[in-house]
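Chemist: From first to last, the protein sequence lines stand for chains A and B.
Under my numbering, the first sequence has 274 at position 274, and the numbering climbs by one with no breaks.
Under my numbering, the second sequence has 146 at position 146, and the numbering climbs by one with no breaks.
By construction, these hints were calculated from the structure, which means they are not laboratory data.
Glycine included, each C-beta is placed from N, C-alpha and C at the ideal position.
Some clues are possibly wrong.
Straight-line Cα separation of at most 30 Å, DSS-like style, residue types lysine-lysine; simulated pairs [claimed, not checked]:
{"id": "1", "chain 1": "A", "residue 1": "K195", "chain 2": "B", "residue 2": "K339"}
{"id": "2", "chain 1": "A", "residue 1": "K72", "chain 2": "B", "residue 2": "K39"}
{"id": "3", "chain 1": "A", "residue 1": "K339", "chain 2": "B", "residue 2": "K192"}
{"id": "4", "chain 1": "A", "residue 1": "K195", "chain 2": "B", "residue 2": "K72"}
{"id": "5", "chain 1": "A", "residue 1": "K195", "chain 2": "A", "residue 2": "K267"}
{"id": "6", "chain 1": "A", "residue 1": "K39", "chain 2": "B", "residue 2": "K8"}
{"id": "7", "chain 1": "A", "residue 1": "K195", "chain 2": "B", "residue 2": "K39"}
{"id": "8", "chain 1": "A", "residue 1": "K192", "chain 2": "B", "residue 2": "K195"}
{"id": "9", "chain 1": "A", "residue 1": "K144", "chain 2": "B", "residue 2": "K227"}
{"id": "10", "chain 1": "B", "residue 1": "K91", "chain 2": "A", "residue 2": "K8"}
{"id": "11", "chain 1": "A", "residue 1": "K91", "chain 2": "B", "residue 2": "K91"}
{"id": "12", "chain 1": "A", "residue 1": "K192", "chain 2": "B", "residue 2": "K39"}
{"id": "13", "chain 1": "B", "residue 1": "K144", "chain 2": "A", "residue 2": "K39"}
{"id": "14", "chain 1": "B", "residue 1": "K192", "chain 2": "A", "residue 2": "K91"}
{"id": "15", "chain 1": "A", "residue 1": "K192", "chain 2": "B", "residue 2": "K72"}
{"id": "16", "chain 1": "B", "residue 1": "K192", "chain 2": "A", "residue 2": "K195"}
{"id": "17", "chain 1": "B", "residue 1": "K267", "chain 2": "A", "residue 2": "K192"}
{"id": "18", "chain 1": "A", "residue 1": "K72", "chain 2": "B", "residue 2": "K192"}
{"id": "19", "chain 1": "A", "residue 1": "K8", "chain 2": "B", "residue 2": "K227"}
{"id": "20", "chain 1": "A", "residue 1": "K144", "chain 2": "B", "residue 2": "K72"}
{"id": "21", "chain 1": "A", "residue 1": "K72", "chain 2": "B", "residue 2": "K339"}
{"id": "22", "chain 1": "B", "residue 1": "K72", "chain 2": "A", "residue 2": "K227"}
{"id": "23", "chain 1": "A", "residue 1": "K8", "chain 2": "B", "residue 2": "K72"}
{"id": "24", "chain 1": "B", "residue 1": "K8", "chain 2": "A", "residue 2": "K91"}
{"id": "25", "chain 1": "A", "residue 1": "K267", "chain 2": "B", "residue 2": "K144"}
{"id": "26", "chain 1": "B", "residue 1": "K192", "chain 2": "A", "residue 2": "K192"}
{"id": "27", "chain 1": "B", "residue 1": "K267", "chain 2": "B", "residue 2": "K254"}
{"id": "28", "chain 1": "A", "residue 1": "K144", "chain 2": "B", "residue 2": "K254"}
{"id": "29", "chain 1": "B", "residue 1": "K91", "chain 2": "A", "residue 2": "K195"}
{"id": "30", "chain 1": "B", "residue 1": "K72", "chain 2": "B", "residue 2": "K8"}
{"id": "31", "chain 1": "A", "residue 1": "K192", "chain 2": "B", "residue 2": "K227"}
{"id": "32", "chain 1": "A", "residue 1": "K144", "chain 2": "B", "residue 2": "K339"}
{"id": "33", "chain 1": "A", "residue 1": "K144", "chain 2": "B", "residue 2": "K91"}
{"id": "34", "chain 1": "B", "residue 1": "K144", "chain 2": "B", "residue 2": "K192"}
{"id": "35", "chain 1": "B", "residue 1": "K79", "chain 2": "A", "residue 2": "K72"}
{"id": "36", "chain 1": "B", "residue 1": "K192", "chain 2": "A", "residue 2": "K39"}
Okay, the calculated bits of chain B under chain A, using three or more residues with CB under 8 Å as the criterion [what the hints assert, rightly or not]:
{"id": "37", "segment": "90 to 99"}
{"id": "38", "segment": "138 to 151"}
There are 2 protein chains.
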Amino acid sequence: MNNRNSPKHVVIVGGGFAGLGCARHLSSKNEVRVTLIDKNNYHQFQPLLYQVATSLLAPDDVAVSFRNLFRKHPNVDVKEAEVVSADPVAKTVTTSSGEVYQGDYLILAAGSQPNFFRTSGAEEYSFPLYSLNDAERLRSRILKVFEDADRNPAIIDQGALNFVIVGAGPTGTEMAGTLAEMIHHTMSAEYKDLKVTAARVYLIDHGHAVLGSFSERAHEYAARVLKRDGVQIRLGTSVQEIGPGHVVLSDGTKIMTHVVIWGGGLKAAPLAANVGLPVGRSGRVDVRPDLTVEDFPGVYVLGDFANIPSPDGGLHPQLGSVALQTGTWAAQHILSEIKSIAHWPFHYHDKGIMAMIGRNAAIAEIGEHRHELYGPGAFAAWLGVHAYLMSGMRHRIDAYVEWAWDYILRSPGSQVLDRSDAARIDWGEDDHNEGQETSQEEKT
Amino acid sequence: MNNRNSPKHVVIVGGGFAGLGCARHLSSKNEVRVTLIDKNNYHQFQPLLYQVATSLLAPDDVAVSFRNLFRKHPNVDVKEAEVVSADPVAKTVTTSSGEVYQGDYLILAAGSQPNFFRTSGAEEYSFPLYSLNDAERLRSRILKVFEDADRNPAIIDQGALNFVIVGAGPTGTEMAGTLAEMIHHTMSAEYKDLKVTAARVYLIDHGHAVLGSFSERAHEYAARVLKRDGVQIRLGTSVQEIGPGHVVLSDGTKIMTHVVIWGGGLKAAPLAANVGLPVGRSGRVDVRPDLTVEDFPGVYVLGDFANIPSPDGGLHPQLGSVALQTGTWAAQHILSEIKSIAHWPFHYHDKGIMAMIGRNAAIAEIGEHRHELYGPGAFAAWLGVHAYLMSGMRHRIDAYVEWAWDYILRSPGSQVLDRSDAARIDWGEDDHNEGQETSQEEKT
Numbered sequence: 001m002n003n004r005n006s007p008k009h010v011v012i013v014g015g016g017f018a019g020l021g022c023a024r025h026l027s028s029k030n031e032v033r034v035t036l037i038d039k040n041n042y043h044q045f046q047p048l049l050y051q052v053a054t055s056l057l058a059p060d061d062v063a064v065s066f067r068n069l070f071r072k073h074p075n076v077d078v079k080e081a082e083v084v085s086a087d088p089v090a091k092t093v094t095t096s097s098g099e100v101y102q103g104d105y106l107i108l109a110a111g112s113q114p115n116f117f118r119t120s121g122a123e124e125y126s127f128p129l130y131s132l133n134d135a136e137r138l139r140s141r142i143l144k145v146f147e148d149a150d151r152n153p154a155i156i157d158q159g160a161l162n163f164v165i166v167g168a169g170p171t172g173t174e175m176a177g178t179l180a181e182m183i184h185h186t187m188s189a190e191y192k193d194l195k196v197t198a199a200r201v202y203l204i205d206h207g208h209a210v211l212g213s214f215s216e217r218a219h220e221y222a223a224r225v226l227k228r229d230g231v232q233i234r235l236g237t238s239v240q241e242i243g244p245g246h247v248v249l250s251d252g253t254k255i256m257t258h259v260v261i262w263g264g265g266l267k268a269a270p271l272a273a274n275v276g277l278p279v280g281r282s283g284r285v286d287v288r289p290d291l292t293v294e295d296f297p298g299v300y301v302l303g304d305f306a307n308i309p310s311p312d313g314g315l316h317p318q319l320g321s322v323a324l325q326t327g328t329w330a331a332q333h334i335l336s337e338i339k340s341i342a343h344w345p346f347h348y349h350d351k352g353i354m355a356m357i358g359r360n361a362a363i364a365e366i367g368e369h370r371h372e373l374y375g376p377g378a379f380a381a382w383l384g385v386h387a388y389l390m391s392g393m394r395h396r397i398d399a400y401v402e403w404a405w406d407y408i409l410r411s412p413g414s415q416v417l418d419r420s421d422a423a424r425i426d427w428g429e430d431d432h433n434e435g436q437e438t439s440q441e442e443k444t
Numbered sequence: 001m002n003n004r005n006s007p008k009h010v011v012i013v014g015g016g017f018a019g020l021g022c023a024r025h026l027s028s029k030n031e032v033r034v035t036l037i038d039k040n041n042y043h044q045f046q047p048l049l050y051q052v053a054t055s056l057l058a059p060d061d062v063a064v065s066f067r068n069l070f071r072k073h074p075n076v077d078v079k080e081a082e083v084v085s086a087d088p089v090a091k092t093v094t095t096s097s098g099e100v101y102q103g104d105y106l107i108l109a110a111g112s113q114p115n116f117f118r119t120s121g122a123e124e125y126s127f128p129l130y131s132l133n134d135a136e137r138l139r140s141r142i143l144k145v146f147e148d149a150d151r152n153p154a155i156i157d158q159g160a161l162n163f164v165i166v167g168a169g170p171t172g173t174e175m176a177g178t179l180a181e182m183i184h185h186t187m188s189a190e191y192k193d194l195k196v197t198a199a200r201v202y203l204i205d206h207g208h209a210v211l212g213s214f215s216e217r218a219h220e221y222a223a224r225v226l227k228r229d230g231v232q233i234r235l236g237t238s239v240q241e242i243g244p245g246h247v248v249l250s251d252g253t254k255i256m257t258h259v260v261i262w263g264g265g266l267k268a269a270p271l272a273a274n275v276g277l278p279v280g281r282s283g284r285v286d287v288r289p290d291l292t293v294e295d296f297p298g299v300y301v302l303g304d305f306a307n308i309p310s311p312d313g314g315l316h317p318q319l320g321s322v323a324l325q326t327g328t329w330a331a332q333h334i335l336s337e338i339k340s341i342a343h344w345p346f347h348y349h350d351k352g353i354m355a356m357i358g359r360n361a362a363i364a365e366i367g368e369h370r371h372e373l374y375g376p377g378a379f380a381a382w383l384g385v386h387a388y389l390m391s392g393m394r395h396r397i398d399a400y401v402e403w404a405w406d407y408i409l410r411s412p413g414s415q416v417l418d419r420s421d422a423a424r425i426d427w428g429e430d431d432h433n434e435g436q437e438t439s440q441e442e443k444t
């Protein structure tokens, strides 16, 4: 290992599934040292943010500190900073406070932001659900309207208990189902003199199906479950205007509401416009099948931040599993490149898609052939997958129960004791190779 | 039980140890219905806020939703509102949004706020540690200065890693000890290219002892432990001025710092000035030994909100255990009054005081005779007591581990699923009488 004395520097911008997956795979590899830069000091587990918004999980349950994760990996350093521009030739990035980081390799994985599609009032008056901050703001808002209505029931007639969700993709659909259950089961038990039955959840989508990216049977199943739980579904309808107390739909309907939740789409994070690379659809960087851009060797663009061509001529969807796999792939590729092994294209192993609509009600379309599962079976599968993905965060529980003993025995310091074992979160197959050399042949 | 058809209405202002203790004792009692009003929708477990500030516990670990706590008690209703005034004759309270609540009994337990003693700049530039919001703000601040210094080490010379704690009472002392350990054990492991050893913790007090309310041996023990952990102690010294980047002490010393933590004392919450009752020391309501005020029958003032005479001619200290006991006492007294049983004075059962200074280092002075314990034994006692007090919150862990199953089996709705079992938090002896009639004779 003659690179031991001069490890290559890998600068990673963004600690979502893609950036973190990459950093995890490179940790403990002697050939590289890593600087992971993120505007937060924690990774947020995006797929469960809607559970934070509906008070099923606490914010700290879906966040894990980067420094804690890499505490035992001396070759990974973390910087909390907002990157505002990048130079793909010099392979430098610049932060909002002016620091510059230069790498031998540059990984751009800054993710997405909500896309409001210039809908009037959407940015001012709706609640997106993309970051942990978003989820906490939305949680406060939902609880606040219930408390306000409890003290002053007159505002129910002004729509205080109407919740309008824009977009029937996975985020909007999961939010609609969970919110409906929260209202009917939790709020009705906890508010003793509030007419909780007056609450309404609306799910609006301009397309003609709930969970449009799923199969036709899934569309029907999801719609049936949501209707059973009282959700009002308006398909083929877009939102024309959002105001401080109402929305106006494309068919002219006006719905009075104090909470509009925006699940209407994503576009690239603003950084994409300042990295000196060509951008395409939704403002994302257009990359080649090997996640690089012509003329800029050593620069990789990952996950949601890129438009990644798929073998069928289209683009890979914006999914956590795609992002995670691009991260692992880029890490493997860099390690091979250091040894001068030739390039090979990114290949997405499609394990399927899932959505949880309510208790016992979920949809799982498994594998590339989309084996379909509905209802309790799919719900069990959903639980299993998330239990697996969140195993680190579930470990935190044991850590918490044991905190007294840790404390006495002076366990390895941990900034967030009740998250300490979250460091062991499983990032796909990556974990099993921990500390080993991974060759191209093994993985492709 | 001929009051069953017309239960007396008890309005409780404040859901701290006193108000919540009272509400808990009255829940499931047919003679009364309770309205508990608090400006937050959750109870905060004040004694462990410093652990939130130092990232040892998550904010949701020390908060529990009132509605969740009283979910199964139809005679207790909760209102999230800020009470701005009270009329002790009409027994009404008015909220900031204008709602009025009237009771047959009125319980004022609105607690304290930080007392800055007109120290120049203290309110603008220091971080108090009294509410969960305070703890979260302080946590963010502490993490931020480390992140800032990590990116820009030059600011260390401007005092970025100096932490100044004002007040060596339990809050300040526990904070100093925990912060010093956080720095030396956690931060030094997590920050790879930051000179963490440059960090300093200062503990300032105008008195001549650390933990002045404890015994002399405790003073020495606490000081020794803190010094061992590198804390700089400045006794007989007050703070003259706090600025955005410094403090000036009474001996003229200027300490550069970006974080000043205020543990300098408490006074009554602002409501005390607007309840039409006589106030005394620290703005608290002066009450008689039965926690009432002459001429205002049916109005009880509890916990930190009152100056409560003790049998020795002084006042009871502002302690959680005093507050909790006043709450239980008032509840018992009201139940007896409904049955026309005569008055008796509040008696505080002094179970002792404790402080945790660091791992294996604590002080416990047990019982009225102050049996003293130091070091690992006291630390074990501290852990035991807090494990007991927080048992509900520790139960939430089990709830969390089981959430998948709860979810499938449609357990009783819970607004904060991972807190659901926190409803079972033990509020002293109260719990064992759950649902039973408690007579005066049994309890005094």
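Chemist: Given the proposed pairing of K39 of chain A with K8 of chain B, does the C-alpha separation stay at or below 30 Å?
Modeler: Answer violated: K39 of chain A to K8 of chain B is near 54 Å, above 30 Å.
Chemist: Taken at face value, is the distance from the CA of K72 of chain B to the CA of K192 of chain A at most 30 Å?
Modeler: Measuring from Cα to Cα gives roughly 10 Å; hence the hint holds.
Chemist: Taken at face value, is the distance from the CA of K91 of chain B to the CA of K91 of chain A at most 30 Å?
Modeler: Given pair K91 of chain A, K91 of chain B is violated - Cα atoms ~70 Å apart, limit 30 Å.
Chemist: Would you check the hint for K195 of chain A and K339 of chain B, treating anything up to 30 Å between C-alpha atoms as holding?
Modeler: violated, 34 Å
Chemist: Check the hint pairing K8 of chain A with K72 of chain B against an upper bound of 30 Å on the C-alpha distance.
Modeler: At roughly 60 Å apart (the allowed maximum being 30 Å), K72 of chain B and K8 of chain A break the hint.
Chemist: Could you grab the alpha-carbon distance between K72 of chain B and K8 of chain B and see if it respects the 30 Å cut-off?
Modeler: holds, 19 Å
Chemist: Take the C-alpha atoms of K267 of chain B and K254 of chain B, compute the straight-line distance between them, and say whether it is at most 30 Å.
Modeler: Within the cut-off at roughly 28 Å; holds.
Chemist: Hey, K144 of chain B versus K192 of chain B, does the alpha-carbon distance stay inside 30 Å?
Modeler: holds, 16 Å
Chemist: Does the alpha-carbon distance linking K144 of chain A and K227 of chain B stay inside the 30 Å limit?
Modeler: Roughly 46 Å between the alpha carbons, so the hint for K144 of chain A and K227 of chain B is violated.
Chemist: Given the hint that K72 of chain A pairs with K39 of chain B, does the C-alpha gap stay at or below 30 Å?
Modeler: Distance ~43 Å between K72 of chain A and K39 of chain B Cα, so the pair is violated.
Chemist: Hey, K8 of chain A versus K227 of chain B, does the alpha-carbon distance stay inside 30 Å?
Modeler: This hinted pair is violated, its Cα atoms lying about 43 Å apart.
Chemist: Are at least 3 residues of the segment 90 to 99 of chain B within less than 8 Å of chain A when you compare beta carbons?
Modeler: holds (count 3)
Hint compliance for this structure: hints 1, 2, 5, 6, 8, 9, 10, 11, 16, 17, 19, 21, 23, 24, 26, 28, 31, 32, 35 are not met, and every other hint is.
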